[in-house]
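Q: Just so you know, the sequence shown maps onto residues 7 to 407 in our numbering.
Read the hints as simulated data drawn from the structure, not as lab findings.
Please note that the accuracy of each hint is not assured.
[Unchecked claim] Listed next, the in silico DSS-like pairs over lysine-lysine satisfying Cα-Cα at most 25 Å (straight line):
(1) 239 - 75
(2) 8 - 390
(3) 182 - 256
(4) 73 - 182
(5) 182 - 239
(6) 84 - 8
(7) 73 - 239
(8) 182 - 75
(9) 82 - 239
(10) 81 - 8
(11) 239 - 189
(12) 84 - 256
(13) 81 - 239
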Amino acid sequence: MKVKSYFPIFDNQPDLVYLDSAATTQKPQSVIEAIVNYYSKNCSNVHRGMYYLAEQATADYEASRTKVKVFLNAKKDKEIIFTSGTTAALNLVGYAFLAPRLNSGQEIVVSLAEHHSNFVIWQQLAIKNNCRLRVCRLDENYRLDLEHLSQLLTERTALIAINHVSNITGTINPIKAIATLAKRYSIPVVVDGAQAVAHLPVDVADLGVDFYCFSGHKVYGPTGTGILYANEKYLNQMEPWLLGGDMISKVGLDSSAWNEPPYRFEAGTPNVAGVIGLGAAMDFMTSLNWQSIAKREEDLLGQLTSGLASRNLEIFIPESHRSALVSFAVENIHPHDIVSLLAEKNVAARAGFHCAEPFHRAQAKNHGTVRFSLGIYNDQVDVKAGLDALDYALETMRAYA
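Input sequences plus hints: build the corresponding full structure.
A: Pasting the structure below:
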C-alpha cells in the first residue's frame, strides 16, 4: 500500500507535489476521522461533566496524553502539557519557569540557527531582566559548536535553548552532548523539537533534557495542538502562566490555589478535538517503521540535494547528521519569484527567512532562501517534479534577466 493512500489530500489534489512538510504536514485519514468522531459522537467539554459524553471525551483526551508520554518516553503523564503549538510551549517555559527565577546579570544561551519562536522569547526576557543573550556559533555542518558552547557556559547561565533539527538546514544537533555539558553547571535545557519528531525517534530520558516542545501539525496531527514535556523536577517550580478555569484547586475572595500539574498550565477549555486528533497522530506514528522512514527520507534527500548541486545553486545542508529538508539560494533571483513559478507547476515549497532571520542575515541572504522539505508521503516522482519545476522557474527568470 502506497504511503500517499493514507492521506486523502492526494486523492483530492492528484497533481499536488507537496515539498513543504516543514511548514505543516498533511493529515492521514485516521487523524481526520478521530476529529470527526469527536464532533459527531462525543462532543463535550473535558474534566467537568458527569455524563457519558463528557466522560468519554475526557477519557479520549487523557488517552492522548498517555500516547504522547509513550512517544517521547517520558516517565509520567503529568510531564506532558498540552499547548497550542511549539511557540506557546516555549513561551510557557519562558514565563512560567524562567522569568520568575531570572536575575540581573544572568545569561541565556541560544544558537544562531533558532526559529524565531525559540529566539525572540529569550531575547525579550534577557532585555527585560537586564540579562545577556549569548549566541553560540555553528560548525561547518551548521551544528551547534560544542567547543564554543563549553566556553559560553558559566555559573551565570540560566538556560540553554536549542533546536533538535534546524528548520533551515535540517541539521540534527547533538542534544545529548549538549545536555551533558549543561549538567556541569546544573543548567536547564529546553529543546525545540518541532522539526525532529516526524523524522527521528525522540527519547527525552535518553537525551537528558529538561523541556522538549513540538507542534502536532508537524507530526501529521491537527493544527492548534502542541506539547511541552517538562521534567517532573521542575513542574512544581513553575508558576501558572494563564489564569482561569480548571487550573485552580480553590478560589476565594482574597486568594486562589493552583491545580496539580499538568492542569495548572492548561487553563480554560482546551482544544479537545485537536488533542484527540493528536492522539490519533501518535497512533499513526508509532505504527511506522522508523528505520524504513529514515532510509527512505535520506535517499530522497540525497537525490534532491544532488539535483540541486548539479544546478550550481548555493545549498545550505550538512554533509551528515541531517534530516529531511534543504534550503538553497539562487544568485540574483528572489526566492519569492522562484516559489511563485514552482506553484505554477503545482509544486508547494517555502521561500523567505523561514522564521530564522538571524541565520539568513549571517549568511548574507537578505531575501532568504527557498526550502524543499519532505514527508513520509514523498517519493522519487515528487523529487523529479520538484527539480523539473525548478528548471522551469530558473529558465523563466533568467529569460528576463
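Q: Which of the numbered hints are not met once you compare them with the structure shown?
A: 3, 6, 10
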